[in-house]
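Turn these sequences into a full structure, and let the hints guide you.
Chains V and X are the protein sequences, given in the same order.
The working numbering numbers the first residue of the first sequence as 1188 and each following residue consecutively.
The working numbering numbers the first residue of the second sequence as 343 and each following residue consecutively.
Everything labelled a hint here was simulated from the structure, so no lab data went into it.
Owing to the predicted nature of the structure, the values given are computational and were not obtained by experimental measurement.
Check before you lean on any hint, since a few could be wrong.
Stated by the list, open to error - Which chain X residues face chain V? A few, computed with CB under 8 Å, are given here: (1) 393; (2) 398; (3) 400; (4) 413; (5) 416; (6) 421; (7) 423; (8) 425; (9) 430; (10) 433; (11) 444; (12) 449; (13) 502; (14) 569.
Backbone N, C-alpha and C fix where the C-beta goes; we use that ideal spot for every residue, glycine too.
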Amino acid sequence: MPALVSKSLRDYRRSLIRWTIGIGAFFTLYLSIYPNISQNKDIYGKQALEKYPGALRDLLGGLQDFTSGAGYLSSVVYQLFGPMLFVVCAMLLGNRAIAQPEEAGTLELTVTLPIDRRRLVFERFVALALGLLAVAAATFLLVWVLSIVSDMDVPADRILAAHTGVFLLGLFFGVLALAVGAATGRKGTAMAVVGVVAVGGYIVETMGRNVDWISWLRWLSPFHYYLDGKPLYQGFPVGDYLVLAGATVVLLITAVLAFDRRDVGV
Amino acid sequence: MTAVVETEGLTKFYGKRRGLEDLDLEIRPGEVFGYLGPNGAGKTTTIRLLLDVIRPTRGRMSVLGMDPRDPAVRGRIGYLPGELALEGREKASEYLGFLGRARGGVPGERITALAERLEADLSVPMGKLSKGNKQKVGLIQAFMHEPEFLILDEPTSGLDPLVQQEFLAMVREVRSSGRTVLMSSHVLAEVEHVSDRVGIVRSGRLVAVEDIAALREKAVRRVELHFDAPVPREAFEDLPGVRDLRVEGAGVRCTIDGRPDALIKAAARFTVVHLVSAEPDLEEIFLTYYSESEEEGRHARAGVQEPA
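Structure below.
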């Protein structure tokens, strides 16, 4: 493994462990109350959910089905909070690639190593992707085991499909933070951009289903390529995931080119 | 032999602010070059340009015969940043190990030997290191791969006097092994004992490059002579190189520029009982350069403002 990748992973280790524990705790909490919900279909059933105002239901992903295993997972865990936790985790890791060390001043010595600037960005990306993959893999195993324990009756490949989507979505936002940091050197700017794109993207994708004048914006939203394919019901939305991965590659190339041509630490 | 550093019209503007303008600099193989100037004069800008941390607005440069954009050249350089940032829980020894691997491998014994020499404790997390200890880690990483060219930005800041002496000894060893050093400072006294030449930079411009030996010759020296009887003032007046003459009874005080020869010959006609000559104050010459260049600048500006 290149020195910079292993060094970055070593730097990320503590926060990767903390995020795995945090996201794992979130999944455990929500999955452990599922048996309670599946046994009280009259409280959490269709009619109960229809009492919510339409716009709120849209924001929460429609709330069509709460009591089946797949329905519960997709509307509670994989709809909003699961992806958002990954997005925040990836954003913070993405910032540690360039912007944070640049603001702290530690990047100066790194760029004077005999490592090509383009390679430096790429190796930091590899560390980000591997770190995020480790968090995703550990939490996938946890969800899979918990789904069996809680009798959710959701096939493992569907959970894997949803979890892969969460990973790809997180990676996209992580590379977005990395790219803004590589271009500007400011982690505050990177966080603002990620925040606007993530919240805006989520609102556009969910509200856009029923609001005509913003529905055309949905194809711009990164969440569209994760939520629209309903991976927990329909398995891997291969085309959508390829779009997410492709957008990530485009951002990475942008990051590499932007960092290669600018002054560091001024 | 080709120059270690060669720049031509090297210029860097940060937006409209001038960092460095039209720098023509040559650093020769095997020399220790002292790069002097007050804070903000352009020393760090020059160094960052040489290491491709920042890119020139215009001008040309080559380092070790290569374009600084080529990453391979950086493997042959040891660099101590002026504001060295080390942070986190990582131990200094782990960080040095990483830097060594990234530079193609450095034997662990060499790191240990340098750490012992500078009395640095590498088992402490870097975030907890004091300023002086961070500087030691910075020096270790700059020297450890035995680079052909060392670029040290304010290397002695934060070091206690004993470690400073050890550091200067390390610089002398580098020179005697035929390698080259560029070290910056805002205090001449820090570099004059190891430098062969000094360049003086001010407000983004190189105002002088001098041999230290030549600088010594030009140095202002305060001299005090005491005689066994009062001496006539006329005997010392109008001697070449003698300024600020004060004759008080049997004592003569003055400053001399350059050689003390004329003064000694004049004094030899009387009986000298006591002679005090202070160490040449290079700092003073250094400041003379500054005030001269400042005046030139003022004249130049005044000339521009005159109506045509």
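To see whether the hints hold, each was checked on the structure:
1. The beta carbon of residue 393 of chain X comes within 5 Å of a beta carbon in chain V, closer than 8 Å, and the hint placing it at the interface holds.
2. Given hint, residue 398 of chain X at the interface with chain V, is violated; its Cβ is 10 Å from that chain's nearest Cβ, farther than 8 Å.
3. For the restraint placing residue 400 of chain X at the interface with chain V, the shortest Cβ-Cβ distance is roughly 14 Å, beyond the 8 Å limit, so the hint is violated.
4. Interface restraint check: residue 413 of chain X against chain V, minimum CB-CB distance 5 Å, threshold 8 Å, status holds.
5. For residue 416 of chain X, the interface hint holds, the least distance from its beta-carbon to any beta-carbon of chain V being 5 Å, beneath 8 Å.
6. Because the beta carbon of residue 421 of chain X sits about 5 Å from the nearest beta carbon in chain V, less than 8 Å, this interface hint is met.
7. For residue 423 of chain X, the interface hint holds, since its Cβ comes within 8 Å of a Cβ in chain V; the closest pair sits about 5 Å apart.
8. A least Cβ separation of about 6 Å between residue 425 of chain X and chain V falls short of the 8 Å threshold, and the interface hint therefore holds.
9. Below 8 Å, beta-carbon pairs count as interface contacts, and residue 430 of chain X has one with chain V at about 7 Å; its hint therefore holds.
10. Annotation: interface hint on residue 433 of chain X violated; nearest CB of chain V at approximately 11 Å, more than 8 Å.
11. For residue 444 of chain X, the interface hint holds, since its Cβ comes within 8 Å of a Cβ in chain V; the closest pair sits about 4 Å apart.
12. Look at residue 449 of chain X: its Cβ only gets to about 16 Å from chain V, farther than 8 Å, so that hint breaks.
13. A distance limit of 8 Å between C-beta atoms decides the matter here; for residue 502 of chain X the minimum to chain V is near 23 Å, and the interface restraint is violated.
14. Restraint check, residue 569 of chain X versus chain V: the minimum CB separation of about 60 Å is more than 8 Å; hint violated.
Hints 2, 3, 10, 12, 13 and 14 from the list above are not met by this structure, while the remaining hints are.
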